[in-house]
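Using our numbering, the first residue of the sequence shown is number 68, and each one after it goes up by one.
Honestly, the hints are just simulated from the structure, not real lab data. We put the CB at the ideal spot given by N, CA and C, even for glycine. Just to be clear, a hint being listed does not mean it is correct.
What the hints assert, rightly or not - Computed spacing ranges between beta-carbons, pair by pair:
#	residue 1	residue 2	range
1	R547	K711	19 to 29 Å
2	R443	Y238	37 to 47 Å
3	R195	C330	31 to 41 Å
4	D724	A450	56 to 66 Å
5	E429	Y238	14 to 24 Å
Unchecked claim - Calculated cross-link-like contacts (lysine to aspartate or glutamate; reagent style DMTMM-like; alpha-carbon spacing at most 25 Å):
#	residue 1	residue 2
6	K459	D581
7	K711	D724
8	K213	D188
9	K213	D155
10	K459	E516
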Amino acid sequence: MVSAELEDQPIVQQAAIFRTDGQAIDAKSLLTAEDPMSFALSMGAQPGAPNAGYSRQVSWLVVELSNPASTPLARYVVLRRGAKHQVDAMLATDAAQGFSRLSQRPASRHYVAPMSIAAGDRVRLLLRVESFTGLSLDLHLWSESKLQREALLANWLLGSMHGAQFVLGLYMLFLFSGSRDLRYLLTAATAMCNAVYQSHFEGTAFAAVWGTADLSVSALSFLMGGVASACNLALLRAMIASRRWLPRIDRYFLFPAVLAFLCLALSWSVAPVAVNRINALLHMVSGLMILAAVATVYLRGQVRIKSYLIGVLLNLLVLLFFVGKQAGWVSDNPAFDWLLPLISLVATILFSVAVAERFRSELEANRQAIQRNEARLSDMVEARTAELSTAKETAEKALLHLIDTQKQLVQSAKLASLGQLVAGVAHEINTPVGVALTASSHLSAATREARAELQQATMTKTGLNRYFELAQESSGMIERNLDRAARLVQSFKQVSVDRSNDLAREIDLRQFIDELLASSASLWRGRPIEVNADVPDELHVLTYPGSLGQVLINLLQNALIHGLAASSAGVITVSARRRAQGGVLLECHDNGEGIRAEHLSQIFEPFFTTRRNRGGTGLGLHIVHNLVTHKLCGEIRVESEPGKGTRVQIELPDRVDIDSE
68 MVSAELEDQP
78 IVQQAAIFRT
88 DGQAIDAKSL
98 LTAEDPMSFA
108 LSMGAQPGAP
118 NAGYSRQVSW
128 LVVELSNPAS
138 TPLARYVVLR
148 RGAKHQVDAM
158 LATDAAQGFS
168 RLSQRPASRH
178 YVAPMSIAAG
188 DRVRLLLRVE
198 SFTGLSLDLH
208 LWSESKLQRE
218 ALLANWLLGS
228 MHGAQFVLGL
238 YMLFLFSGSR
248 DLRYLLTAAT
258 AMCNAVYQSH
268 FEGTAFAAVW
278 GTADLSVSAL
288 SFLMGGVASA
298 CNLALLRAMI
308 ASRRWLPRID
318 RYFLFPAVLA
328 FLCLALSWSV
338 APVAVNRINA
348 LLHMVSGLMI
358 LAAVATVYLR
368 GQVRIKSYLI
378 GVLLNLLVLL
388 FFVGKQAGWV
398 SDNPAFDWLL
408 PLISLVATIL
418 FSVAVAERFR
428 SELEANRQAI
438 QRNEARLSDM
448 VEARTAELST
458 AKETAEKALL
468 HLIDTQKQLV
478 QSAKLASLGQ
488 LVAGVAHEIN
498 TPVGVALTAS
508 SHLSAATREA
518 RAELQQATMT
528 KTGLNRYFEL
538 AQESSGMIER
548 NLDRAARLVQ
558 SFKQVSVDRS
568 NDLAREIDLR
578 QFIDELLASS
588 ASLWRGRPIE
598 VNADVPDELH
608 VLTYPGSLGQ
618 VLINLLQNAL
628 IHGLAASSAG
638 VITVSARRRA
648 QGGVLLECHD
658 NGEGIRAEHL
668 SQIFEPFFTT
678 RRNRGGTGLG
688 LHIVHNLVTH
698 KLCGEIRVES
708 EPGKGTRVQI
718 ELPDRVDIDS
728 E
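Construct the complete structure from the given sequences, taking the supplied hints into account.
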């Protein structure tokens, strides 16, 4: 039984579609009764669909309607998502001559124009349709109640979905402001731009914001869609670390695709048809490539985020339906109005969850890395502390040894300048020891700061590397200065001569010097240096042979190291002769570089040396001076000119005064 409402419907007598390419389509065969109050011409999957976004062809729809009822019928001509179309609707009746233009109802996401059919009348409806998108023709005749129900449902559902997506983007933007993680910013841009684009694509924004659809607004819509696609692809690169795991795909496809989406978005208004086709192809290829890339890194175990993989699958599903509708391969089913935004919203939520999950996993990985570094740093601090303790003990032993040596010097009456010597020794020893202690204190302070940063979890990789560099530099400084202090102590020990082993006795100077030179020949062996002795026979003195031998050895070493250091050949002569006024004159002469005048007055001072950076201690001639003037009871002087060699003269008594020792 047919309801009264169904009986009140107009009857479609004829329906046809005409295009500028000359093709005509019998649209009456496509007529479907949507409900008792309306009917629709569904052109979505038909090969002749007026796809204006691709064909750029204006289409005309002609429908002949009749009203068999006894009362007039009032209906609305509705072209779904007509706000995206350029539509002109005209109506002709049997009673009137020509067509009259129908007025469009504003503030609607569809094209809506009221019309009426008188009782028993027949009318012809003519629609001219041109679109800047690839939407298929979807025409309806709705009653007032049907139109209100559809508008209310659309406003609630689409507004909620687009609004939720936009709010989600704002939330991601808020998270970015706190974390400064670029992935949150890309997610926010994708969600917000996608919400703007979908609201334009579905026609809601045209009716609620712009009031009409023109080329500039469509260009803005396409720009938002391009930015959303580019940001989504950039988010993929960041999520799967494509530059690390898929370098070739990233270099030759993913990164160029981001640039391509942006370029297409900016150039749409110049060539909409070509850009639409390229954009659809790029979306298809990029969607499949994204799915392959995400699946690859997921199966490899490099990035295991299930929510992102599911989001990519849903996004690809939306993309397939979208491109299918644009190309006319998929029927323009009204259910897609709600399904596509819903799937897109779910995909955006999954992307947001994936970003948060990835961020948390990276934070956990960083926390574990900090714990490992903290443990390693603690071990290094303990090891370094042990090394510092050892170094401190070594320094203390060196100081104790120095104190013992100083006590021995104080007890020895053979050195008249004991006070000056001890002061010089203390100064020279304190310098390396002070440097070592300063470096140790600095390293201890840096260690405390590093431990505090580790406990507060504020240690960075740069701070850790800076601490390692400081520790290496400080430990090296401590080692070098303690080594120098040890060598100074060793050299200083030579000053204190063991008198119990060096007894005074009478010696033959010729025999003594010959034996000394023979036993010391290793000092100049292998060098083109000649060492001669010029000592007469029967030249006897009563002296301390051990101390005299040490004096001569030091003079030879001084000549070999300083005087003849840069000479390819040289001569050293040790001579002795009896003085007329009594005593013996010993000379050590070399033909080396000589001594500069400003240094000549300082050579006997303790720790004066011109070779400090090459291991010199400055105690050699000081020891010679002390032994000669105190133990051997003699005098010493030096004559030298740069380039003319050096002559050291020592005056010794015939008999040393043993009581004065």
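Results of checking the hints against the structure:
Against the hinted window of 19 to 29 Å, the Cβ-Cβ separation of R547 and K711 comes to about 37 Å, which falls outside the hint. Judged by the Cβ atoms, the range 37 to 47 Å given for R443 and Y238 holds: they are separated by roughly 39 Å. One distance hint, 31 to 41 Å for the beta-carbon pair R195 and C330, holds here, with the actual separation near 33 Å. In this structure the supplied range 56 to 66 Å holds for D724 paired with A450, their Cβ-Cβ distance being about 58 Å.
At roughly 20 Å, the beta-carbon separation of E429 and Y238 lies within the given 14 to 24 Å, and the hint holds. Our distance criterion of 25 Å between C-alpha atoms is broken by K459 and D581, whose separation comes to about 47 Å. Our distance criterion of 25 Å between C-alpha atoms is broken by K711 and D724, whose separation comes to about 36 Å. Taking the CA atoms of K213 and D188, the gap is about 23 Å. The hint holds against a cut of 25 Å.
With a CA separation close to 22 Å, the supplied pair K213 and D155 stays within the 25 Å bound. Simply put, K459 and E516 have alpha-carbon atoms about 21 Å apart, close enough for the 25 Å limit, and the pair holds.
In this structure, the earlier hints numbered 1, 6 and 7 are contradicted, and the remaining ones agree with it.
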